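Asker: Every position in the sequence shown, counted from 1, becomes a number in my numbering once 14 is added.
Keep in mind the hints are simulated off the structure, nothing from the lab. The structure presented is a predicted model; accordingly, all values stated were derived computationally and were not measured. Some clues are possibly wrong.
Distance windows between CB atoms, simulated [claimed, not checked]: (1) A24 <-> G87: 32 to 38 Å; (2) R54 <-> D105: 46 to 52 Å; (3) R18 <-> E50: 19 to 25 Å; (4) R84 <-> P107: 41 to 47 Å; (5) V67 <-> S36: 18 to 24 Å.
Just so it is clear, CB atoms sit at the ideal spot from N, CA and C, and this is done for glycine as well.
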Amino acid sequence: MSARDAALVAHHHDPLSAYVRSLVGSNPLAADIVQETWARAIPALREGKVSNVRAFLYRIARNLVIDGARERGKWAAWTVEEDLGDLIADDAPSAERTVLGCDRLRLLLELVESLPPRCREVFALRKIEGLHQAEIAERLGITRGAVEKHLRLALLALAARLGEIDDVE
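Take the sequences, apply the hints, and build the full model.
Answerer: Structure below.
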């Protein structure tokens with residue numbers, strides 16, 4: 015930038031910035047528009063074809079403001095304002111539900127741990143590993159009826175204990 019260009023920018027920059035800020039209401043956007051105004055104006059100003067520098071700068075800036083508004087208007091239907099982000103539905107559970115779910119899971123694990131060893135083993139093979147009753151019977155070397163008995167006892171014990179806790183809540 016030449017000394018003449020620097021002098022023009024120094025003389026007109028603050029009033030031009032204030033003018034653009036009054037049009038757009040945003041300091042960062044105004045700074046971008048002013049910078050683009052200078053980028054477009056300096057070549058014509060160097061050629062000496064401009065009789066009223068102030069009017070020329072303000073006209074370029076105003077046109078850039080209008081062009082920007084037109085461009086933003088084109089996309090307005092497809093964009094979301096930052097303030098509206100809270101209105102977008104979220105399928106994730108709330109923090110409260112997450113904490114309550116973790117507490118209930120911890121409680122259920124504690125209850126499973128408190129079952130008699132064989133009941134706990136049968137319950138884990140059926141409900142956690144997903145084995146069928148015949149597979150459990152074969153793996154543990156017990157009858158299918160014994161597997162059903164241990165499962166029934168485990169489920170009844172858990173239901174009773176969870177029922178007691180649900181009554182308190």
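Asker: Would you mind marking each hint as holding or not holding in the structure?
Answerer: How the hints compare with the structure:
1. A24 <-> G87: 32 to 38 Å: Roughly 35 Å apart at Cβ, these two residues keep to the hinted range, so it holds.
2. R54 <-> D105: 46 to 52 Å: holds (48 Å)
3. R18 <-> E50: 19 to 25 Å: This hint holds: roughly 20 Å between Cβ atoms.
4. R84 <-> P107: 41 to 47 Å: holds (43 Å)
5. V67 <-> S36: 18 to 24 Å: Between V67 and S36, where Cβ atoms are some 20 Å apart, the hint holds.
Consistency note: the structure conflicts with none of the earlier hints.
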